[in-house]
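J.: Just so you know, the protein sequences line up as chains A and B, in that order. For the first sequence, counting from 1, position 154 maps to 183 in my numbering; every step adds exactly one. For the second sequence, counting from 1, position 75 maps to 325 in my numbering; every step adds exactly one.
Calculated directly from the structure, the hints in this document are not laboratory data. Because the structure is a prediction, the values reported are computed rather than measured. Every residue gets a Cβ at the ideal spot worked out from N, C-alpha and C, and that includes glycine. Hints may contain errors.
[Stated by the list, open to error] Simulated restraints on C-beta separations: (1) B:Val-273 <-> A:Glu-34: 50 to 56 angstroms; (2) A:Asn-65 <-> B:Val-471: 50 to 56 angstroms; (3) B:Leu-397 <-> A:Arg-156: 39 to 45 angstroms; (4) B:Pro-470 <-> A:Lys-157: 55 to 61 angstroms; (5) A:Ile-99 <-> B:Gly-390: 42 to 48 angstroms; (6) B:Gly-437 <-> A:Pro-116: 35 to 41 angstroms; (7) A:Asp-93 <-> B:Gln-482: 51 to 57 angstroms.
[As the list claims (entries may be wrong)] Short derived list, chain B residues pointing at chain A, Cβ under 8 angstroms: (8) Ser-335; (9) Ser-337; (10) Val-340; (11) Leu-342; (12) Thr-343; (13) Ala-344.
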Amino acid sequence: MIDVEHLSKRFGSTLAVDDVSFAIPRGEVVGFLGPNGAGKTTTIRVLTCYHPATAGAVRVAGADVVKDPIAVRRAIGYLPENVPLYPDMRVEEYLRYRAELKGVARGLRRAFVHQAMERCGVTEVRRKMVGHVSRGYRQRVGLADALVARPPILILDEPTSGLDPNQRRRMKALIKELAREHTILFSSHILAEVADVVGRVLVIHQGKLRADGKIADLLAAAPGRELRITARIAGQALLELLDGLSTQGGARITAEADGFSSVALGLARDADPRDEAWARLRARDVAVRELALVLPTLEQYFAHVTELAAVPQEAGT
Amino acid sequence: MSGAWTTFKRELASYLRSPVGYVIAFLLYLLRGFEVDRLLRLTAAYGIDRERFATAYLMQNSSLMLLILVPAVLTMRVFAEERRSGSLEVLLTAPVRDGAVVLGKWGASFAFFALLWAPAFVLLAWFQDTSYLGTSLTWGPILTGLLGMLLVGALLLAAGCFTSSLTDNQLLASLSAMLFAWVALYGPSQFRAPPVADDGVGATGLDAAWRWLDAQVIRPVLDDVNVADHLQSWFLRGIVNSAHVVFYVAGTAALLFLTTRSLEARRWR
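Turn these sequences into a full structure, and let the hints steer you where they fit.
T.: Below you can see the structure in the form of structure tokens.
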């Protein structure tokens with residue numbers, strides 16, 4: 030549904046997006062991650078035909094953003110960051126106006142608007158002025174606007190920013206529900222938000238695409254994997270027992286208490302010495318409380334990708 | 251062009267809902283009330299013929315305000331405010347052409363501007379009915395006068411849309427539009443070529459060239475774009491010159507085209 034090839038966008042002397050390529054097939058829900066200022070919004074604005082690209086080709090729903098921007102915009106429901114709306118209109122009136130602007134036929138407008146309000150839970154504020162509703166409702170009115178013409182693609186820029194935890198949970202549940210019918214690109218700088226909702230992430234930093242793949246695959250391949258073992262044995266003895274199993278970053282004692290010791294062994298990607306460790310511990314008849322392969326958290330992975338910024342691009346599409 | 255119609259309806263509703271329009275109308279008609287009162291006294295005292303009454307009725311200070319201040323104030327927010335609040339992004343990522351948005355917004359400002367003229371004509375019809383003037387009115391110059399006012403208004407509103415599309419500062423947009431209107435109304439008649447020596451002593455080839463340029467190019471062009479003269483010598487006297495009509499319609503179209511281009515250009519930054 031969305032094909033981006035070698036997209037670059039330059040503002041004066043700043044290269045905001047640098048040779049980014051990715052493809053999103055129909056029905057997929059993709060998280061678009063990056064720190065503030067990484068180029069997320071710029072990329073999204075090229076997709077929605079608000080900014081023209083400096084170089085590269087972008088096709089959305091089969092239409093080129095330069096040659097047929099109207100077809101592209103028709104295929105996209107867009108929720109911009111900060112959700113700018115007209116404060117002097119009532120919620121329902123605003124959504125009707127947007128439905129008309131987006132070319133929803135007169136006879137269908139009422140039904141489309143009502144369904145969008147229902148789904149986003151704004152029916153109870155439909156008679157209120159847009160400028161008078163709370164932040165959470167405003168965000169949902171913006172989402173209802175994105176949905177109202179029933180576009181195949183939804184592009185949501187920071188849909189959960191500025192919401193309280195309950196509102197965030199509801200927004201995520203709503204996005205999950207929408208994922209059944211729409212192709213969704215959803216940007217955020219909060220990783221937990223994304224991990225709950227999407228299968229695949231794109232990580233962008235300083236205008237470059239740093240990673241693209243399923244969260245589980247990216248984490249499995251990322252550095253920072255550890256084997257953690259807690260057993261009833263002195264720390265140093267445990268390290269000696271497990272000698273040679275660490276394949277990257279060495280081994281260290283993390284805790285010693287009540288006769289139990291905990292150690293962490295750094296592992297290279299794909300290494301999994303759990304069986305070997307278990308065999309050695311059993312041979313010495315050591316009581317074991319924990320033996321686990323721990324993947325880096327998405328947080329750690331993100332810090333690694335964006336701060337070290339030296340990792341080659343991982344598993345592509 | 252359904253996008254233009256949708257935009258038109260929303261913008262017109264926004265004008266009708268905002269207090270700004272009503273405040274403007276109140277002040278204008280307060281001023282017009284005093285002006286008309288004075289005009290009626292003069293008419294009663296000295297007697298003015300019917301056609302001159304029509305001209306004088308339309309060409310008051312409140313009409314000049316309606317041309318210089320009102321288009322600037324009506325259009326200052328159309329793009330500047332949307333750009334400042336960010337809603338321009340929502341508007342321009344909807345499946346509508348930039349040109350349709352510009353046309354819709356300008357159309358709404360024009361409709362509201364025309365609405366502001368309506369009470370002046372209701373008032374005239376009332377004079378007619380009660381034979382306040384002791385004579386009947388000639389509607390010819392009044393209607394052509396209105397046509398002239400609306401054509402000039404269309405041009406100045408388009409200029410306001412253009413200045414509003416250049417900035418996100420409403421004050422700057424409105425001041426620029428007022429400057430444009432002021433220059434359009436007064437500039438051409440104020441312009442004087444610098445004096446040059448008539449002949450012989452001191453006259454150089456440059457002076458002669460300048461005099462030729464003034465007589466052959468500058469003066470005719472200024473005469474053609476003299477908005478105040480178009481109104482006073484033509485429209486308000488009941489004469490419609492098709493060249494003038496074309497000038498305003500084409501000028502409005504050109505400014506709206508520039509507005510569209512300016513919206514597109516701002517996206518490149």
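J.: Please go over all the hints and tell whether each is borne out by the structure.
T.: Do the hints match the structure? See the list:
{"no.": "1", "hint": "B:Val-273 <-> A:Glu-34: 50 to 56 angstroms", "verdict": "holds (54 angstroms)"}
{"no.": "2", "hint": "A:Asn-65 <-> B:Val-471: 50 to 56 angstroms", "verdict": "holds (53 angstroms)"}
{"no.": "3", "hint": "B:Leu-397 <-> A:Arg-156: 39 to 45 angstroms", "verdict": "holds (42 angstroms)"}
{"no.": "4", "hint": "B:Pro-470 <-> A:Lys-157: 55 to 61 angstroms", "verdict": "holds (59 angstroms)"}
{"no.": "5", "hint": "A:Ile-99 <-> B:Gly-390: 42 to 48 angstroms", "verdict": "holds (46 angstroms)"}
{"no.": "6", "hint": "B:Gly-437 <-> A:Pro-116: 35 to 41 angstroms", "verdict": "holds (39 angstroms)"}
{"no.": "7", "hint": "A:Asp-93 <-> B:Gln-482: 51 to 57 angstroms", "verdict": "holds (53 angstroms)"}
{"no.": "8", "hint": "Ser-335", "verdict": "holds (5 angstroms)"}
{"no.": "9", "hint": "Ser-337", "verdict": "holds (4 angstroms)"}
{"no.": "10", "hint": "Val-340", "verdict": "holds (6 angstroms)"}
{"no.": "11", "hint": "Leu-342", "verdict": "holds (6 angstroms)"}
{"no.": "12", "hint": "Thr-343", "verdict": "holds (4 angstroms)"}
{"no.": "13", "hint": "Ala-344", "verdict": "holds (5 angstroms)"}
The earlier numbered hints are all upheld by this structure, with none contradicted.
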